[in-house]
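Asks: Given the coordinates of chain A, work out where chain B should sit on it, guided by the hints.
Protein chains: 2
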Amino acid sequence: MVPPSGIHEHISDLLLSKEGTDVTFKVGGEEFAAHRCVLAARSAVFKAELFGPTKDGKMESVIQIKDMESKVFRALPSFIYTDLLPEMEMNTMQEGKAQETLWLQHLLAAADRYDLQRLKALCEERLCEHINVSSVTTILIQAEQLNCCGLKGVCFEFLKTTTNLKEITAADGLDDITITCPSLLKELIAKLVS
Amino acid sequence: MVPPSGIHEHISDLLLSKEGTDVTFKVGGEEFAAHRCVLAARSAVFKAELFGPTKDGKMESVIQIKDMESKVFRALPSFIYTDLLPEMEMNTMQEGKAQETLWLQHLLAAADRYDLQRLKALCEERLCEHINVSSVTTILIQAEQLNCCGLKGVCFEFLKTTTNLKEITAADGLDDITITCPSLLKELIAKLVS
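Residue numbers (the working numbering), protein chains in the order written: chain A, 1 to 194; chain B, 1001 to 1194.
Isolated chain A, as found in the complex (with noise of 0.2 Å):
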């Protein structure tokens, strides 16, 4: 009996154990450490960063990230090492479906900024179940944004409901797309008399 493939097992071991690594990344007072040929193999914004050129010819081994926080940053190791979509770290149990929502947003604009496709599938994919009447609006921008097309398309399907839609425009849920993105309010109209 042949075992089957180990790979995936192996590389996520990897993550746990440390062996070996060689950078580390300073976000927001945390360390990070990690082996730049795994990051570089499955991000090429890390290849880029990690073993293109630098100024004076050295390598980095300490690079600081500081546009980005601590517990968003964590999920990228933890993805590019399983192929898994991270769960959010709870830090109390009042921390609910709204945070979640955050962070999972902030998690697809890191997963975009480093060109990590599938996890920005990933994000859209559970981001679609974090659709509500106060949530779409910045998820629908977001998606614009980033180019999700399908979240995108689940956006405007929730939009489309004419009890979700008067809701929104009741409490002026609908300022924010006017002001940043106004092309998806004349691509609304255009779904909702289709």
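Keep in mind the hints are simulated off the structure, nothing from the lab. Keep in mind that a hint or two might mislead.
One-sided excerpt, in silico: chain B residues whose CB lies under 8 Å from chain A [claimed, not checked]:
| no. | residue |
| --- | --- |
| 1 | Gly1006 |
| 2 | His1008 |
| 3 | Ala1121 |
Some chain B residues flagged as far from chain A (calculated, every beta-carbon gap over 12 Å) [said to hold, decoys possible]:
| no. | residue |
| --- | --- |
| 4 | Gln1099 |
| 5 | Asp1112 |
| 6 | Lys1166 |
In this text, all values refer to a predicted model and were calculated from it rather than measured experimentally. Don't be surprised by glycine CBs; every beta carbon is placed ideally from N, CA and C.
Replies: Using the frame of chain A, we list chain B on its own:
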């Protein structure tokens, strides 16, 4: 649509791109560059060799392998990065089944040495197709020495067939077993009378 997991393909690409390799093996005049963390993740023996304590506390970046043919060693990274059984590289069209048998036996020994259990099982599986009156005894001896129960069983099945055993004994084909591993003859007799 979420794309399927890409870890397998990405690690396999790493073997081809050689991006960020940090160790080189010299084997019979050839050099093979690899990534320490990938080798260590996949083989406990490589892990001990590459990250274990060294004489002077420094990591060796070039490692000499003296007791293995380069065409056998070459197959190890190929397996480690893909989890597939490497195929023998043919130098001439004249190389036939017997050469492949020998190569598979060397690969099986290398898989055992580096504790690559899946490669061992893949070699065993393929060697089952190489059992004939000329090869069965050397394959059986190796199967016994490397604790390959499945392969050993298939060799015994082959030897139990009267026409095969007649042909082998007529050509003094059991001499090697008699010298190297006489307990196998006892096992064979028990199987013949059962």
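Asks: If you take the shortest Cβ to Cβ gap from Ala1121/B to chain A, is it below 8 Å?
Replies: Holds: closest Cβ of chain A sits about 4 Å from Ala1121/B, inside 8 Å.
Asks: Would you check whether Gly1006/B satisfies its interface hint, that is, whether its CB is within less than 8 Å of any CB in chain A?
Replies: holds, 6 Å
Asks: Would you assess whether Lys1166/B, listed as outside the interface, keeps its beta-carbon beyond 12 Å of every beta-carbon in chain A?
Replies: holds, 32 Å
Asks: Check the non-interface label on Gln1099/B: least C-beta distance to chain A beyond 12 Å or not.
Replies: holds, 23 Å
Asks: Say whether it holds or is violated: Asp1112/B keeps its Cβ farther than 12 Å from all Cβ of chain A.
Replies: holds, 15 Å
Asks: Against chain A, with CB atoms and a cut of 8 Å, does the hint on His1008/B hold up?
Replies: holds, 6 Å
This entry satisfies every hint, going by the numbered hints stated previously.
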